[in-house]
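Produce the entire structure from the sequences given, and follow the hints as far as they go.
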Amino acid sequence: MIEQWLIDLAWMIAKILAVVVPLLIAVAYLTLAERRVIGFMQLRKGPNVVGPFGMFQPFADALKLMAKETILPAGADKVVFIIAPMLTFILALVAWAVIPFDAGLVLADINVGILYLFAISSLGVYGVIMAGWASNSKYAFLGALRSAAQMVSYEVSMGLVIINVLICVGSLNLSDIIEAQRDMWFALPLLPMFIVFFISTLAETNRAPFDLPEGESELVAGYFVEYSSMSFALFFLGEYANMILMSAMTTVLFLGGWLPPFDFAPFTWIPGPIWFVLKIMLCLFVFLWVRATTPRYRYDQLMRLGWKIFLPFSLIYVVLTAGFLMAFDKLPVIGG
Amino acid sequence: MAGLMVVSSRNPVHSVLFLILAFFNAAGLFILLNAEFLAMLLVVVYVGAVAVLFLFVVMMLDINYSELREGFQKYRSLGLLIGAVLLVELLATFFEYSGNVKSLPSPGAVHNTKALGQVIYTDYIYLFQLAGLILLVAMIGAIALTLRKRSGVRKQVIADQNSRTRAETVKLAKVETGAGVKEAS
Numbered sequence: 164m165i166e167q168w169l170i171d172l173a174w175m176i177a178k179i180l181a182v183v184v185p186l187l188i189a190v191a192y193l194t195l196a197e198r199r200v201i202g203f204m205q206l207r208k209g210p211n212v213v214g215p216f217g218m219f220q221p222f223a224d225a226l227k228l229m230a231k232e233t234i235l236p237a238g239a240d241k242v243v244f245i246i247a248p249m250l251t252f253i254l255a256l257v258a259w260a261v262i263p264f265d266a267g268l269v270l271a272d273i274n275v276g277i278l279y280l281f282a283i284s285s286l287g288v289y290g291v292i293m294a295g296w297a298s299n300s301k302y303a304f305l306g307a308l309r310s311a312a313q314m315v316s317y318e319v320s321m322g323l324v325i326i327n328v329l330i331c332v333g334s335l336n337l338s339d340i341i342e343a344q345r346d347m348w349f350a351l352p353l354l355p356m357f358i359v360f361f362i363s364t365l366a367e368t369n370r371a372p373f374d375l376p377e378g379e380s381e382l383v384a385g386y387f388v389e390y391s392s393m394s395f396a397l398f399f400l401g402e403y404a405n406m407i408l409m410s411a412m413t414t415v416l417f418l419g420g421w422l423p424p425f426d427f428a429p430f431t432w433i434p435g436p437i438w439f440v441l442k443i444m445l446c447l448f449v450f451l452w453v454r455a456t457t458p459r460y461r462y463d464q465l466m467r468l469g470w471k472i473f474l475p476f477s478l479i480y481v482v483l484t485a486g487f488l489m490a491f492d493k494l495p496v497i498g499g
Numbered sequence: 015m016a017g018l019m020v021v022s023s024r025n026p027v028h029s030v031l032f033l034i035l036a037f038f039n040a041a042g043l044f045i046l047l048n049a050e051f052l053a054m055l056l057v058v059v060y061v062g063a064v065a066v067l068f069l070f071v072v073m074m075l076d077i078n079y080s081e082l083r084e085g086f087q088k089y090r091s092l093g094l095l096i097g098a099v100l101l102v103e104l105l106a107t108f109f110e111y112s113g114n115v116k117s118l119p120s121p122g123a124v125h126n127t128k129a130l131g132q133v134i135y136t137d138y139i140y141l142f143q144l145a146g147l148i149l150l151v152a153m154i155g156a157i158a159l160t161l162r163k164r165s166g167v168r169k170q171v172i173a174d175q176n177s178r179t180r181a182e183t184v185k186l187a188k189v190e191t192g193a194g195v196k197e198a199s
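Protein sequence lines correspond, in order, to chains E and Y.
With our numbering applied, the first sequence has no gaps in its numbers, which climb one by one up to 499 at the end.
With our numbering applied, the second sequence has no gaps in its numbers, which climb one by one up to 199 at the end.
By construction, these hints were calculated from the structure, which means they are not laboratory data.
Some clues are possibly wrong.
Just a few of them, taken from the derived set where beta-carbon distance is under 7 Å, the chain E residues facing chain Y [said to hold, decoys possible]:
id, residue
1, 181
2, 183
3, 278
4, 279
5, 281
6, 282
7, 285
8, 288
Remember, it's a predicted structure, so these values are computed and weren't measured experimentally.
C-beta atoms are modelled at their ideal positions from N, C-alpha and C, and glycine is treated no differently.
Next up, the structure:
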């Protein structure tokens, strides 16, 4: 019995590693891809020296960060200061437990998968706000406050967009949500919501044009000014892992997850996980593209966009979607 | 344990962080009861939104610790009384119901998200709407109490800005060489 238990445990750890290791490699190459893509968009080359096409640049960066000294500021609250980057990074990883890569290919196929994702992404605020407060620095604190207000605001509209999708699906399970898109991806009938959701994810991950928490020109680097070496690296990795997570969420909700774009021969030859990864990469490219091309929002404009435009708009769209489905008798049959 | 740390830790920010831990424990209990929907809701609403606001307020406050200490001495007897009453109630409930838990519906028979929806939106729809209305009134009340119009504040009116046309803002002038510009407008 004990041996069986050990085998189960080892198998579970192997499965978790099978998700986390590719994710970390993806994060490493996302940092490289970001610098290269933005480089090309600005007519320069980006990092291209270390290895072929700069392929070893992320590892060089990681080595550099690990070799540096971890500095604890004198006035800092040490425990919270150390927990904050760990929290950010862990939250970015645990959310992957429910992401389905193919039919049945998921670590935990729980009934409330989308709520779990939503809950985890709403916890991301804590890493930021704890870091900002524990650093005992004005810049970090201001950055953290901005970030917290911003993330809480955009979560509301994200929640309403998710409700839109849920009305069309009738289930909170991520696999069910993807299967419901077999005939048509939700990005088409819910196009306005797709755009609102994508912009909200930009704000949620604190990416340009909503990267006010970092705001180099006014706050130095926002909430992680005081961090160095690995604790900084954890924030950095957490941010990029969050970007990939949000892209995966967009893919699951609107781009049909592992499903091929058309349900016939040449497209169905390519296996599901590859479609899934391709769609995530598309979303990530748009993330980088937006960063390279848009100027930063002003803070009051950011709040206005979140509360006065996205929130009422997505709320009205919920009513419209529900009304449409009722009128044409297309409400999904809710499974027991 | 986390609850104990909420009241006993010296630093109010630490108290709030322990409060969040307590919320997590509650969510874990819900999951153990097979009520995963409620657990997620607890995390989203309490941890994700309410506790963030708590943390905001606590971080902004400038708290005088010695004053807090005096208050503690003054209200200790009252606090102990309330605590004792709550403890007795809790124990009474525990002994009352510890024998028969068969009144719980068997978990897994009904999807608990669906069951909750059935109860709130079908069986008790009017009460639910009434509760929503009360919250709305409270929200409007809070806004009405804090909203004030200040004069002399420069505000950006975005509709005005967007409705401006090129003709009314930009004037192209052909300046003669060597003559210079007399007036700026």
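Here is what the structure says about each hint:
1. At about 25 Å, the closest approach between the beta carbon of residue 181 of chain E and any beta carbon in chain Y exceeds 7 Å, and the interface hint on this residue is violated.
2. At about 22 Å, the closest approach between the beta carbon of residue 183 of chain E and any beta carbon in chain Y exceeds 7 Å, and the interface hint on this residue is violated.
3. Because the beta carbon of residue 278 of chain E sits about 4 Å from the nearest beta carbon in chain Y, less than 7 Å, this interface hint is met.
4. The closest approach between the C-beta of residue 279 of chain E and any C-beta of chain Y is roughly 6 Å, which is under the 7 Å cut-off, so the hint is satisfied.
5. For residue 281 of chain E, the interface hint holds, the least distance from its beta-carbon to any beta-carbon of chain Y being 6 Å, beneath 7 Å.
6. A least Cβ separation of about 4 Å between residue 282 of chain E and chain Y falls short of the 7 Å threshold, and the interface hint therefore holds.
7. For residue 285 of chain E, the interface hint holds, since its Cβ comes within 7 Å of a Cβ in chain Y; the closest pair sits about 3 Å apart.
8. Contact between residue 288 of chain E and chain Y, as hinted, is supported at the beta carbon level, the nearest pair being about 6 Å apart and thus within 7 Å.
Hint violations for this structure: numbers 1, 2, all remaining hints satisfied.
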